[in-house]
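The task is simple: from the sequences and hints, build the whole structure.
Number of protein chains: 2
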Amino acid sequence: MKLGRLNHVGVATPSIEASVAFYRDMMGAEVIREPFDLPAQGVKVCFVDTPNAQIELIEPLGDASPIHTFLARNPGGGQHHLCYEVPDIDEARAWFEAKGVRVLGAPRIGAHGTMIFFLHPKDMGGVLTEIMETPRNQH
Amino acid sequence: MKLGRLNHVGVATPSIEASVAFYRDMMGAEVIREPFDLPAQGVKVCFVDTPNAQIELIEPLGDASPIHTFLARNPGGGQHHLCYEVPDIDEARAWFEAKGVRVLGAPRIGAHGTMIFFLHPKDMGGVLTEIMETPRNQH
Chain Y
0 MKLGRLNHVG VATPSIEASV AFYRDMMGAE VIREPFDLPA QGVKVCFVDT
50 PNAQIELIEP LGDASPIHTF LARNPGGGQH HLCYEVPDID EARAWFEAKG
100 VRVLGAPRIG AHGTMIFFLH PKDMGGVLTE IMETPRNQH
Chain B
0 MKLGRLNHVG VATPSIEASV AFYRDMMGAE VIREPFDLPA QGVKVCFVDT
50 PNAQIELIEP LGDASPIHTF LARNPGGGQH HLCYEVPDID EARAWFEAKG
100 VRVLGAPRIG AHGTMIFFLH PKDMGGVLTE IMETPRNQH
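So the sequences go chain by chain: Y and B.
Under numbering that gives the first Met the number 0, think of the first position of the first sequence as 0, with each following residue one higher.
Under numbering that gives the first Met the number 0, think of the first position of the second sequence as 0, with each following residue one higher.
Watch out, some of these pointers could steer you wrong.
Derived, one-sided and incomplete: chain B residues facing chain Y with beta-carbon distance under 10 Å [to be verified]:
1) 10
2) 61
3) 79
Honestly, the hints are just simulated from the structure, not real lab data.
We treat Cβ as the ideally placed atom computed from N, Cα and C, and that holds for glycine.
Here it is, written out as structure tokens:
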């Protein structure tokens, strides 16, 4: 295992629309991608590009969205997770399982169209961590 | 204002020593810088390099460290702040002040040796945000 690119920082928000205006007008973001729904994860997603990494804005989608709990504790939104890239998702999963880290659910298609899984924050220094396979057409 | 590089993600930890072992042995970090004290901020700091950004591990330094409050709420540590680069720290400060964002304290020397300031998370979508002037010898 070799530490990969920090693909994105997941930032929860009660309103992607308001956050997009914030990143555009306050932070000066020049590339903001089209928002889309990711029903399997219970989130609406919008990527904001910085020159070297992305901010992934996530808003609750549906009543069962895991983001509702986060926003109940942090009504204005806040940092939700970090996502690192790996070359092979199955190898990465086997690595973390062998180390006794709790993998949250089966690997599934993530917001970039490649396989991802999440790791329990209590096993990761308090950081909810997403591991994603590097998109083959990038970098 | 133009959104700059995500220089680092600040991650609070009760023990930089334990976190360094975690990033080296669990996450496969290959470049971990030498830890150092930043008494003006009340933190001990250690940078972990990913291919495109850094993780800034921060541990409380002294009884008045602001990190004690964070660790009281998150005993295992967790995501603390995001840091973006700007070309001119004074321009950036004027920009945010003109927008009514609360600047936390005067600009001061940060962990990379250039001027930094912090912005109130309640004005920044719940994200404690550090703004730092890009080091002149980098990028």
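Tested hints:
no. : hint : in the structure
1   : 10   : 6 Å, holds
2   : 61   : 22 Å, violated
3   : 79   : 8 Å, holds
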